[in-house]
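*Asks:* Take these sequences, add in the hints, and give me the full structure.
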Amino acid sequence: MKAKEFDSKFDECVEDIIDDLDVTTARRVNHEAKRINVDFPAWVVESLDREAARIGVTRQSIIKVWLVERLRAEAANKPLKSDTASGAL
Numbered sequence: 004m005k006a007k008e009f010d011s012k013f014d015e016c017v018e019d020i021i022d023d024l025d026v027t028t029a030r031r032v033n034h035e036a037k038r039i040n041v042d043f044p045a046w047v048v049e050s051l052d053r054e055a056a057r058i059g060v061t062r063q064s065i066i067k068v069w070l071v072e073r074l075r076a077e078a079a080n081k082p083l084k085s086d087t088a089s090g091a092l
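Using my numbering, you'd call the opening residue of the sequence shown number 4 and step up by one each time.
Watch out, some of these pointers could steer you wrong.
Subject to a maximum C-alpha distance of 20 Å in a straight line, what follows is the list of computed SDA-like cross-link-like pairs (lysine to any residue) [as the list claims (entries may be wrong)]: (1) K7 x L24; (2) K12 x R31; (3) K5 x T28; (4) K37 x K67; (5) K5 x D19; (6) K7 x I20; (7) K7 x D22; (8) K67 x V26; (9) K67 x V48; (10) K7 x D19; (11) K5 x N33; (12) K5 x V32; (13) K12 x D25; (14) K37 x T61; (15) K12 x L24; (16) K67 x L51; (17) K5 x D22; (18) K37 x K5; (19) K67 x V32; (20) K37 x V68; (21) K37 x D22; (22) K81 x Q63; (23) K7 x D23; (24) K37 x R73; (25) K67 x N40; (26) K67 x A45; (27) K5 x I20; (28) K37 x V71; (29) K5 x H34; (30) K67 x V47; (31) K37 x L24; (32) K67 x N33; (33) K67 x H34; (34) K5 x V26; (35) K37 x R75; (36) K67 x A55.
It is worth saying that the hints were derived from the structure and are not from the lab.
*Replies:* Right, here's the structure in full:
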């Protein structure tokens, strides 16, 4: 399909264009996984496990979510609530 045809479908608000796309080669830019190892004290791991179980996710998921939240807050220069208290690991 030519770009003009694709653009016209978009402009005409065609709802389903997925069949016109080759998603076999699609990738999310800057979302490639990279494995790292981090050592935490046992009490941190236990706390992570309790919180993860409480909300029904895995330990890895909660770590990812919390890190992303923190990075976004830092990028927006908005301190988190916990930043008001001094608490280092």
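*Asks:* So, for every hint listed, does it hold in this structure?
*Replies:* These are the hints, each one checked on the structure:
1. K7 x L24: With Cα atoms ~14 Å apart, K7 and L24 stay inside 20 Å; holds.
2. K12 x R31: 23 Å, violated
3. K5 x T28: With Cα atoms ~18 Å apart, K5 and T28 stay inside 20 Å; holds.
4. K37 x K67: Roughly 12 Å separates the two Cα atoms, so the pair holds.
5. K5 x D19: 17 Å, holds
6. K7 x I20: Measuring from Cα to Cα gives roughly 14 Å; hence the hint holds.
7. K7 x D22: Since the Cα atoms of K7 and D22 sit roughly 16 Å apart, the hinted pair holds (cutoff 20 Å).
8. K67 x V26: Measuring from Cα to Cα gives roughly 26 Å; hence the hint is violated.
9. K67 x V48: Holds, because 14 Å separates the two Cα atoms, which is no more than 20 Å.
10. K7 x D19: This hinted pair holds, its Cα atoms lying about 17 Å apart.
11. K5 x N33: 28 Å, violated
12. K5 x V32: The hint is violated at about 24 Å.
13. K12 x D25: Judged against 20 Å, a Cα distance of about 16 Å means the pair holds.
14. K37 x T61: 18 Å, holds
15. K12 x L24: 12 Å, holds
16. K67 x L51: 11 Å, holds
17. K5 x D22: 14 Å, holds
18. K37 x K5: 36 Å, violated
19. K67 x V32: 18 Å, holds
20. K37 x V68: 16 Å, holds
21. K37 x D22: 31 Å, violated
22. K81 x Q63: 25 Å, violated
23. K7 x D23: 13 Å, holds
24. K37 x R73: Roughly 19 Å separates the two Cα atoms, so the pair holds.
25. K67 x N40: 13 Å, holds
26. K67 x A45: 18 Å, holds
27. K5 x I20: 13 Å, holds
28. K37 x V71: Cα-Cα ~15 Å, so holds.
29. K5 x H34: 28 Å, violated
30. K67 x V47: 15 Å, holds
31. K37 x L24: 28 Å, violated
32. K67 x N33: Holds, at roughly 15 Å.
33. K67 x H34: Since the Cα atoms of K67 and H34 sit roughly 13 Å apart, the hinted pair holds (cutoff 20 Å).
34. K5 x V26: 16 Å, holds
35. K37 x R75: 19 Å, holds
36. K67 x A55: Between K67 and A55 the Cα gap is close to 11 Å, so the pair holds against 20 Å.
When each numbered hint is compared with the structure, violations occur for hints 2, 8, 11, 12, 18, 21, 22, 29, 31.
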